[in-house]
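Student: The task is simple: from the sequences and hints, build the whole structure.
So the protein lines, in turn, are chains A and B. Per UniProt numbering, the very first residue in the first sequence carries number 1; after that it's consecutive. Per UniProt numbering, the very first residue in the second sequence carries number 1; after that it's consecutive.
Keep in mind the hints are simulated off the structure, nothing from the lab. Don't be surprised by glycine CBs; every beta carbon is placed ideally from N, CA and C. It cannot be assumed that every hint is accurate.
As the list claims (entries may be wrong) - Each pair of labels, with its calculated beta carbon distance range:
{"#": "1", "chain 1": "A", "residue 1": "Val36", "chain 2": "B", "residue 2": "Glu36", "range": "54 to 62 Å"}
{"#": "2", "chain 1": "B", "residue 1": "Ala24", "chain 2": "A", "residue 2": "Ala390", "range": "55 to 63 Å"}
{"#": "3", "chain 1": "B", "residue 1": "Asp215", "chain 2": "A", "residue 2": "Pro242", "range": "41 to 49 Å"}
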Amino acid sequence: MAVDSDRGASASSKTPFWYDPRFRAIFFQILTVVLVVAGIGYLVSNVMTNLERQNIASGFGFLQREAGFAIAESMVSYSAADTYGRAFIVGILNTFRVALLGIVLATIIGVLVGVARLSTNWLIAKLASVYIEVLRNIPLLLQLFIWYGVITVSLPGPRQAMSPVEGIYLSNRGFMIPAPVADPIHAYMGIAALLALAAGYLIRRWAKQRQIDTGKQFPVYKTSLGLLILFPAIAWVLGGAPTVMELPTLQGFNFRGGLTLTPEFAALLFGLTFYTAAFIAEIVRGGILAVSHGQSEAAFALGLRKGMVLRFIVLPQALRIIIPPTTSQYLNLTKNSSLAVAIGYPDLVSVGNTTLNQTGQAIEAITIFMAVYLTLSLTISLIMNWYNRAIALVER
Amino acid sequence: MKLKSILAAGAVVAVAGAALPAAAQSMVETITDRGELNCGVSTGLAGFSNPDSEGNWTGLDVDVCKAIAAAILGDADAVSYTPATAQQRFTILQSGEVDLLSRNTTWTLTRDTSLGLHFAPITFYDGQGFMVPRELGVTSALELDGAAVCVQPGTTTELNLADYFRANGMEFEPVVIEQLDEVNAAYFSGRCDVYTTDASGLASIRSTVAENPEDHMILPELISKEPLGPAVRQGDDEFFNIVKWVVYALIEAEEYGITSENVDDMRENSDNPGVQRLLGASAGMGENLGLSEDWAYNAIKQVGNYGEIFERNVGVDTPLGLERGYNDLWTRGGLMYAMPVR
Ligand SMILES: N[C@@H](CCC(=O)N[C@@H](CS)C(=O)NCC(=O)O)C(=O)O
Numbered sequence: 001m002a003v004d005s006d007r008g009a010s011a012s013s014k015t016p017f018w019y020d021p022r023f024r025a026i027f028f029q030i031l032t033v034v035l036v037v038a039g040i041g042y043l044v045s046n047v048m049t050n051l052e053r054q055n056i057a058s059g060f061g062f063l064q065r066e067a068g069f070a071i072a073e074s075m076v077s078y079s080a081a082d083t084y085g086r087a088f089i090v091g092i093l094n095t096f097r098v099a100l101l102g103i104v105l106a107t108i109i110g111v112l113v114g115v116a117r118l119s120t121n122w123l124i125a126k127l128a129s130v131y132i133e134v135l136r137n138i139p140l141l142l143q144l145f146i147w148y149g150v151i152t153v154s155l156p157g158p159r160q161a162m163s164p165v166e167g168i169y170l171s172n173r174g175f176m177i178p179a180p181v182a183d184p185i186h187a188y189m190g191i192a193a194l195l196a197l198a199a200g201y202l203i204r205r206w207a208k209q210r211q212i213d214t215g216k217q218f219p220v221y222k223t224s225l226g227l228l229i230l231f232p233a234i235a236w237v238l239g240g241a242p243t244v245m246e247l248p249t250l251q252g253f254n255f256r257g258g259l260t261l262t263p264e265f266a267a268l269l270f271g272l273t274f275y276t277a278a279f280i281a282e283i284v285r286g287g288i289l290a291v292s293h294g295q296s297e298a299a300f301a302l303g304l305r306k307g308m309v310l311r312f313i314v315l316p317q318a319l320r321i322i323i324p325p326t327t328s329q330y331l332n333l334t335k336n337s338s339l340a341v342a343i344g345y346p347d348l349v350s351v352g353n354t355t356l357n358q359t360g361q362a363i364e365a366i367t368i369f370m371a372v373y374l375t376l377s378l379t380i381s382l383i384m385n386w387y388n389r390a391i392a393l394v395e396r
Numbered sequence: 001m002k003l004k005s006i007l008a009a010g011a012v013v014a015v016a017g018a019a020l021p022a023a024a025q026s027m028v029e030t031i032t033d034r035g036e037l038n039c040g041v042s043t044g045l046a047g048f049s050n051p052d053s054e055g056n057w058t059g060l061d062v063d064v065c066k067a068i069a070a071a072i073l074g075d076a077d078a079v080s081y082t083p084a085t086a087q088q089r090f091t092i093l094q095s096g097e098v099d100l101l102s103r104n105t106t107w108t109l110t111r112d113t114s115l116g117l118h119f120a121p122i123t124f125y126d127g128q129g130f131m132v133p134r135e136l137g138v139t140s141a142l143e144l145d146g147a148a149v150c151v152q153p154g155t156t157t158e159l160n161l162a163d164y165f166r167a168n169g170m171e172f173e174p175v176v177i178e179q180l181d182e183v184n185a186a187y188f189s190g191r192c193d194v195y196t197t198d199a200s201g202l203a204s205i206r207s208t209v210a211e212n213p214e215d216h217m218i219l220p221e222l223i224s225k226e227p228l229g230p231a232v233r234q235g236d237d238e239f240f241n242i243v244k245w246v247v248y249a250l251i252e253a254e255e256y257g258i259t260s261e262n263v264d265d266m267r268e269n270s271d272n273p274g275v276q277r278l279l280g281a282s283a284g285m286g287e288n289l290g291l292s293e294d295w296a297y298n299a300i301k302q303v304g305n306y307g308e309i310f311e312r313n314v315g316v317d318t319p320l321g322l323e324r325g326y327n328d329l330w331t332r333g334g335l336m337y338a339m340p341v342r
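Tutor: This is how it looks when you write it as structure tokens:
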């Protein structure tokens with residue numbers, strides 16, 4: 001809104017004030033705000049009167065009432081006697097869990113497939129293209145039904161469960177594996193892992209400085225990985241090395257004990273991961289192709305080896321192109337996780353819909369949906385933007 | 001000048017906005033103008049509301065819609081059906097997408113109050129049951145500890161299920177899927193050990209979806225009361241009255257022995273003052289409801305009395321094969337009891 005002050009001054013003396021560009025700039029901004037606020041206010045008051053006229057309950061008080069319905073899987077303890085508020089938390093955590101795992105797995109598979117599509121090996125490149133074209137062009141909902149169908153129809157019932165190894169079972173009730181019996185030492189192992197990460201960071205800084213000073217290299221990644229295993233292992237040994245495992249066992253109808261990957265979660269995770277990975281693969285391929293071939297040629301001319309060219313020359317430049325569209329794939333994956341309702345995974349929308357149906361508080365439930373997805377999306381964007389800035393070209 | 005026109009436009013918007021919730025038309029006027037009753041039904045539950053291959057809906061719940069359309073519009077076929085899952089049904093009613101919900105919906109206190117609904121008389125007295133594959137070897141619901149249970153969300157079923165297992169100190173794994181087809185698939189593929197819903201719904205699914213109905217059995221326990229009836233939104237008492245009294249008229253007709261076959265004869269020749277009032281041979285009832293005097297005559301003539309509706313859709317000669325039981329007339333020991341039409 002920079003305004004030529006000369007013109008502004010002369011304008012105000014001769015012409016009416018509403019022709020003054022400064023006035024206009026401010027006036028229209030205020031007008032926009034007023035109209036938007038009035039519009040929202042009108043909608044809200046309209047909704048309130050309509051709800052009242054139809055005697056539909058409103059307000060967030062229902063969150064404290066007993067939910068009364070059970071939820072299949074939950075990362076925090078939950079029973080039907082808990083509140084709607086807690087049910088929402090269960091749903092939010094379930095959404096968060098599938099989105100986070102989905103993002104990690106989709107990135108790994110996406111990068112592998114994207115690089116594979118550029119492979120000089122004809123078969124690998126073709127397989128990668130087929131994967132991308134098929135997965136990208138089938139609606140996600142359909143893929144979820146296919147995954148769910150494959151798991152529930154093709155796997156045997158719990159009494160005939162497949163058991164490749166003692167203690168591991170595969171049936172239409174999911175994938176069951178033994179789990180270590182909860183022990184306080186697990187928390188210390190977690191802390192040890194965090195310490196290892198911090199140590200890795202410090203080592204990286206030190207190694208970088210040393211390389212600048214002396215030119216000597218240090219195997220930072222291998223060392224860090226070693227520490228990441230070593231530290232928790234030490235904590236575990238110091239804690240008396242508890243080895244009690246809880247095995248899943250068939251009791252009555254079903255397996256009890258151990259860890260379970262349910263068919264619903266598995267179908268949703270596989271569906272989201274493989275679908276999004278196809279898009280990420282294309283982004284990765286595009287990013288790599290966009291780095292001019294001259295760059296690698298120059299690097300080869302300097303005597304760098306193939307792996308080094310990819311790592312130091314091509315990828316850093318490709319990443320700048322890859323990150324922004326990948327961010328939007330992450331956002332898509334997170335929002336697509338709401339398709340969980342279709343196959344019975346208790347995500348935020350599934351739990352929220354049940355609540356909405358039971359309490360009649362549609363506006364409140366939908367407000368919560370919007371707030372949660374907005375927060376998740378903004379958080380992902382923030383992290384990715386930060387990362388994008390961190391790898392941006394620093395021009396001297 | 002531009003500024004003035006913008007301000008003027010703003011003022012128009014403001015005035016129009018304020019004036020928008022203008023005088024509402026009554027439901028009966030709306031339906032008459034439209035020439036059609038909008039009825040919310042299930043997505044397909046044989047015996048209650050189910051579309052055939054040509055898109056014609058049949059079932060007990062559908063017949064209730066038809067009877068109301070016949071009473072208001074004189075034509076039982078003037079109905080437009082909107083299928084809804086358990087989850088969506090209240091939203092389509094509240095938002096005005098349908099005039100009426102006739103969709104195996106249980107009358108509960110919460111639905112009556114915080115959802116802002118009015119339930120008309122019960123058209124089917126039911127209770128929640130459990131269905132299991134026979135090969136599981138279960139004979140009582142109390143043996144279901146640890147079972148995986150298929151259930152549709154947004155139902156009383158979901159709540160009763162949690163209550164029942166809690167009360168009996170048992171655990172279960174809920175498998176909660178919104179679309180009926182998908183829950184059915186999950187149960188029949190063996191994802192769940194048990195399927196739970198209204199006993200009538202189980203009978204319907206067992207007889208029409210199961211590959212071999214004999215392989216599945218419905219356990220003897222009924223764990224809840226599920227009085228199913230049509231519902232309307234609050235705020236239009238005239239329409240609510242009509243829905244209420246059309247259902248009563250269907251039951252009353254059965255009590256008087258009026259059927260779709262003999263209704264003309266009864267209207268001409270019956271000396272019973274009750275029959276004359278109901279069929280409009282003596283005037284007054286229609287006028288009280290704001291309808292023509294042949295409101296009940298049309299409904300009975302075109303759709304039949306309650307007993308005919310029951311036998312045609314869910315009775316012993318249908319695949320569902322249900323006995324009248326609680327749904328018999330009070331004079332025969334059931335719960336069907338119409339308020340006096342006078
Ligand atoms: N009566 C119960 C359950 C009604 C219900 O929705 N039952 C299911 C299972 S029988 C159904 O009709 N589904 C049909 C559909 O989703 O279209 C209620 O009102 O909550």
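Student: Now look at each hint and say whether the structure bears it out.
Tutor: Verification of the hints:
no.	hint	result
1	A/Val36 x B/Glu36: 54 to 62 Å	39 Å, violated
2	B/Ala24 x A/Ala390: 55 to 63 Å	59 Å, holds
3	B/Asp215 x A/Pro242: 41 to 49 Å	47 Å, holds
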